[in-house]
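Number of protein chains: 2
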Amino acid sequence: MCGIIGYIGKRPVLPILIEGLERLEYRGYDSAGIALMNAKREINVLKVKGKIKDLKVKVENDGYWWSNNHNFHIGLGHTRWATHGRPCEKNAHPHLDCKGKIALVHNGIIENYKKLKEFLISKGHRFNSDTDTEVLAHLIEEFMDGSLEDAVKNALKKVKGSYAIGVISIDDPNKIVAARNESPLIIGIGNNEYFLASDVPAILNYTRGVIYIEDGELVVLDKKGFKICPLRRKREVKKDIVKISWDVASIEKNGYDHFMLKEIYEQPKAIRDTIKAKVCNGKILLDEINLSPKELRKIKKVFIVACGTSYHAALIGKYMLEKLCLVPVEVDIASEFRYRSPLLDKNSLVIAISQSGETADTLGAIAYAKNKESKIISICNVVGSSITRCSQGTIYTHAGPEIGVASTKAFTTQLAALYLFCLYLGSIKGLIDQKTCKRCLKALEKIPEDADTILKRASELDELANLFYKKSNFLYLGRGINYPIALEGALKLKEISYIHAEGYPAGEMKHGPIALIDSSLPVVILIPKNQLYEKIISNMEEVKSRGGIVIAIAIEGDKNIIEKADHVFYVPKVLNELTPILFTIPLQLLAYYIAVKRGCDVDKPRNLAKSVTVE
Amino acid sequence: MCGIIGYIGKRPVLPILIEGLERLEYRGYDSAGIALMNAKREINVLKVKGKIKDLKVKVENDGYWWSNNHNFHIGLGHTRWATHGRPCEKNAHPHLDCKGKIALVHNGIIENYKKLKEFLISKGHRFNSDTDTEVLAHLIEEFMDGSLEDAVKNALKKVKGSYAIGVISIDDPNKIVAARNESPLIIGIGNNEYFLASDVPAILNYTRGVIYIEDGELVVLDKKGFKICPLRRKREVKKDIVKISWDVASIEKNGYDHFMLKEIYEQPKAIRDTIKAKVCNGKILLDEINLSPKELRKIKKVFIVACGTSYHAALIGKYMLEKLCLVPVEVDIASEFRYRSPLLDKNSLVIAISQSGETADTLGAIAYAKNKESKIISICNVVGSSITRCSQGTIYTHAGPEIGVASTKAFTTQLAALYLFCLYLGSIKGLIDQKTCKRCLKALEKIPEDADTILKRASELDELANLFYKKSNFLYLGRGINYPIALEGALKLKEISYIHAEGYPAGEMKHGPIALIDSSLPVVILIPKNQLYEKIISNMEEVKSRGGIVIAIAIEGDKNIIEKADHVFYVPKVLNELTPILFTIPLQLLAYYIAVKRGCDVDKPRNLAKSVTVE
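Protein chains in written order, with the UniProt record's numbering: chain A, 1 to 615; chain B, 1 to 615.
The following block holds chain A by itself, in its conformation from the complex:
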């Protein structure tokens, strides 16, 4: 999970690399580096432990770089998220071969790097880092015989693992060679200038013409053009240039202290946009899934695969689909799915959920399902991303770019999308009549307004955060359709405040985690007004009678709670299936305010990356 940027063209490369890395920083930011080549066939490398701002400082302090700015027109940059070897200067990319003739940046994991390293050492190569990546540089050196693309091709034949790489060499200068397997990579097409990047925003200030590189493809960029050919064949392939319509400005913070807060506040609009795109005159239109009513009726079983926050949306999808559509659903953490022999076939529908559409684990799960001839659709926020390209159809969430590492608006729009899909499928199967469907749609369409009501009371959660931000542990409890929201609330807090928070089904607490409860433990309990109300009140009493501090998230008008809980935050009354969307918002805000008060870097929490493109 690293960010790669590359440039070849007429402009000075240094500022392009630095700007690109800043835009890719969401992919990792524990160390960074650049390698530039000049007309005299010299490669200059600069690395730093830390974030891109530290790289900038180092460039400023060393006069050489700016004074030679106009001599460098080819270069590679990298921002790292460590997998092998701790974050430090020597492990930062780019990595060089023995003689410093080849420079390489890499995103992914080389699984057989130990064997390769032993082989290369036996051949006399000397290694400078603890990374898996460095073997690639030496392996290419081993095969280098004039043509850089041939050397890269031959080297990659020996490699097992995932990669997106960019390589330059002084023995075959004036080109960048790149390749991809299971890690994202795009090229940007300018006017006699070409870009290489892990993601679109990195190059959006220079060009809007983009080509998505696929697994097994090798790219050669030079000043006059580009060439894409399969790694295992000679023949060149022709690919369409995609026109990107987003605006870089829409990725800015817009007056909020953090992207995360901005994105929390964007939820009413994001949910409204997602509904609007799929509902017309009270009818749900989901042509985008590319499955006919006949195909949908044939589905015997649904598997939903996802990671992290999207996995919590998947769990809620199971409740909805089984209840409203009477179809059995299995939910899997994507990294577990393909290794547990799941029993799927051509009558199964796999729904992959991912904000970025680049999550490697989810891509792996899709590949497995494809092999079993299952139907595959995705719920995704990024148009044209890898996952959407592997799916028969995609229900797009219209949340707009999500920059904060902790997912917020992507999650609530995923829930809205899942609910729409349930109503659509239930109607097609004849389980939901028109009148019921209209009533449910109306309830969903009111959600953005309800979300606004909650956001207007954000200060209550800020005050609660004041009381609890020094705590080192939290418990979150929910039942039924809101149990996944307990997991999500705990994950948010964990991700951005580093407080050890855990979610549990409230009824299961007494089978173990209740041992943790004492007078120092805050317990957040989700209390909808449904048939489980009395049971969850009993669970709350179990916490209270052991001295735990109860923070209740309850439904407006539930006065009974005030005398029982220590703190109460109310959300508006909605249909039971929609409570998860509303319960999530106060938990996002609580986590946010706690993290800010603890002085954490909310948008870039330690160790995490926005889109996890390694397995």
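What the hints contain is simulated information worked out from the structure, not anything from laboratory work.
What you are looking at is a predicted structure, and each value in this text was computed from that prediction instead of being measured.
Incorrect hints may appear among the rest.
Because identical chains cannot be distinguished in the list, a pair is counted as satisfied if it fits within a single copy or across any two copies.
What the hints assert, rightly or not - Within a straight-line C-alpha distance of at most 30 Å, the following computed DSSO-like cross-link-like pairs (lysine-lysine) qualify:
| hint | residue 1 | residue 2 |
| --- | --- | --- |
| 1 | LYS372 | LYS294 |
| 2 | LYS471 | LYS243 |
| 3 | LYS429 | LYS346 |
| 4 | LYS40 | LYS56 |
| 5 | LYS10 | LYS276 |
Use these hints to put chain B onto chain A, whose structure you have.
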């Protein structure tokens, strides 16, 4: 989750109640009390906050009790596990009516107690406690008109919830009235003396003749006999007396510091006994499930329901059944199961797993499944317990009584039982040939020996505990069939040491919990030698490169691990499906030693009860 004891007969009742309560203490121990009635129709009550030993001290200190020992021949006792109202003297049972004429003990939860309390207050009743139970005493007072059994019958008609109760009254002396709904209750039949108890061990020193009371039954015990009749009808029912063959001595600690440690060491024998009971001449005999091969072949889907540690066994069962028997399996936390509209029918098999066979949540799940006409079998350790009586058949684990609240030998025998069931079903379905079955059985039969090998190296884990017992957080990681063992390792530590430990699928860590990792966090990683080996090594590197402390549980001979992990504990090499049994044992020991070093009460952790008989 409380313990009830009652006695009527010729002997002094005080020592019988105290001994019974001591044997029931595993059901809860935050407060306790007794109520004795003498021939002069006086009821004397004594209550205490704390454990049974505190009750004994109070009895000793107050000369009255022993000096009047021979005057009391009827009495009730109770040890409490709080649900409504914190543990304190006034909330301890027995509870009295307004005039102190009726005394009552209760196990369960009265769900409509708030409404009942308002009604009774409007009738002039005065309440002394915050419990749900006290309403029962006043409700019986309200209906009392000469006959205690009639008053109890009429009172219970108004009650919604679960209960096992025992009641005495000075207005209808010389009898104990008892009743049950969804909480366990037995009566013991002596020679002109009768016992009431939540569980058999409480009375085993006095009688071995026992009758299991069912839901909706009312019991009247007097000095001459007993009477059982349905709550809603007049007609008396005749029930068989069950002869109990266990030995009380087998429940003693046998030289170990704690029951838990004794039970960890009993695992080789427990697993061996479980296998022996079901395997004869290389053939698996599972007649006890009461399902014909034809019925088994018809099963289209399996649901496994369980709570706590048994839930982890259920998760492993899913891996095994889907892989070896190609039958789709859903696993549910029992308290969630019946509230999420699971799609089961008469072609579904429900497997309920419970050590005690009295887990209320699991009983609730069975009741739901029965309603859907699904087939139900159980995996259980207590012969004749409620769950076994609701099941068509039971695969008994032969672990012997488990007293330590944290389950150990029950869990590993559940895994052995599940594996045997898989081999049995797979053979019947023609998916496992005789040769393979024999090979797998041989591997299983070697497990007790492998477990012994691990136990002989327990001191290594004691040393590890020395390094880590002051930590406040732990992470446990596993993949595939060993992911549930990561959950189980974390639960063990949480239950007995009160350290906040959490289990995660190793591949999911990077999607959130990785934010918790710093140089103070110990991370236990389970590393089998299977097709996921390289992937889990990558996950371990992710932890290492962020400074986490890695404790690896690995397979004997894996030398690669030594240079990567900070600490390694080896277990013998076994079939992949059996690694969970062996990986569990070092995690049990690690949790045990850490808890002991922290000065925790290992066998009776705070807030927990051995068998959770409330929802």
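A quick look at each hint next to the structure:
{"no.": "1", "hint": "LYS372 <-> LYS294", "in the structure": "both (20 Å within a copy, 29 Å between copies)"}
{"no.": "2", "hint": "LYS471 <-> LYS243", "in the structure": "neither (49 Å within a copy, 53 Å between copies)"}
{"no.": "3", "hint": "LYS429 <-> LYS346", "in the structure": "both (19 Å within a copy, 22 Å between copies)"}
{"no.": "4", "hint": "LYS40 <-> LYS56", "in the structure": "within (25 Å within a copy, 93 Å between copies)"}
{"no.": "5", "hint": "LYS10 <-> LYS276", "in the structure": "neither (44 Å within a copy, 79 Å between copies)"}
Checked against the numbered hints listed earlier, the structure breaks hints 2, 5; every other hint is satisfied.
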